[in-house]
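Q: Residues per chain are reported as follows:
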Amino acid sequence: GNSVTQMEGPVTLSEEAFLTINCTYTATGYPSLFWYVQYPGEGLQLLLKATKADDKGSNKGFEATYRKETTSFHLEKGSVQVSDSAVYFCALGRTGGFKTIFGAGTRLFVKA
Amino acid sequence: KAGVTQTPRYLIKTRGQQVTLSCSPISGHRSVSWYQQTPGQGLQFLFEYFSETQRNKGNFPGRFSGRQFSNSRSEMNVSTLELGDSALYLCASSFLPDRGDTGELFFGEGSRLTVL
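Sequence lines, in order, name chains A and B.
Reading the first sequence from the start, the letters are residues 1 to 112 in my numbering.
Reading the second sequence from the start, the letters are residues 1 to 116 in my numbering.
One-sided and incomplete, this derived list gives chain A residues near chain B with beta-carbon spacing under 7 Å:
| no. | residue |
| --- | --- |
| 1 | Gly-43 |
| 2 | Gly-97 |
| 3 | Phe-102 |
| 4 | Gly-105 |
Residues of chain B clear of chain A, computed beta-carbon distances all greater than 10 Å:
| no. | residue |
| --- | --- |
| 5 | Arg-67 |
| 6 | Leu-81 |
| 7 | Phe-95 |
| 8 | Leu-113 |
None of these hints come from the bench; they were simulated from the model.
Remember, predicted model here, so these are calculated numbers, not experimental data.
The beta-carbon is built from N, C-alpha and C at its ideal position, and this holds for glycine as well.
Construct the complete structure from the given sequences, taking the supplied hints into account.
A: Written as structure tokens, this is what we have:
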């Protein structure tokens, strides 16, 4: 079945460090891939998305590239800030079944 | 444009009671999905509605039910509450893309249910 696997957290980084959060997926067809972010006390919000192979999604300095050959969608940021502290969810959409499938989430802590 | 609105934001119930949660989607969005978020299980899909029809349901017992009204507002109900139902319940709406499946989801802030 369709599934998403992302690296376990928490991830703790110092400000200005490089961030990578790994995400791999299993899916049939041509899914869309998403990264959502959840700040404390809030719901999820879309961070970036990619709808086909080799697409790169980007937003707020975050990037992720849809790699069909490795079934991956890793999230990267060159220089994290304290305000990036949140939980990040990789997600799989448009797999049929009218639902989005989420990874377990990775909590990021950024220290000043 | 107003976002997704969920009410109530917080509630406390006791075992055996029932609860109804409400979700108003973004204007023009006709698809509404519900998710349960817990520390141990992450985000679990409950159900999705479009034009008052449930199109998919997650692996939850029959105590969990939902509905959607003609104005796209949605409610979910949990009957005979158990301690394990304590969670953040998130509603998300979506503007249907051309392929008819859910694309980008817009989430509300959630309803945090505590069962004592």
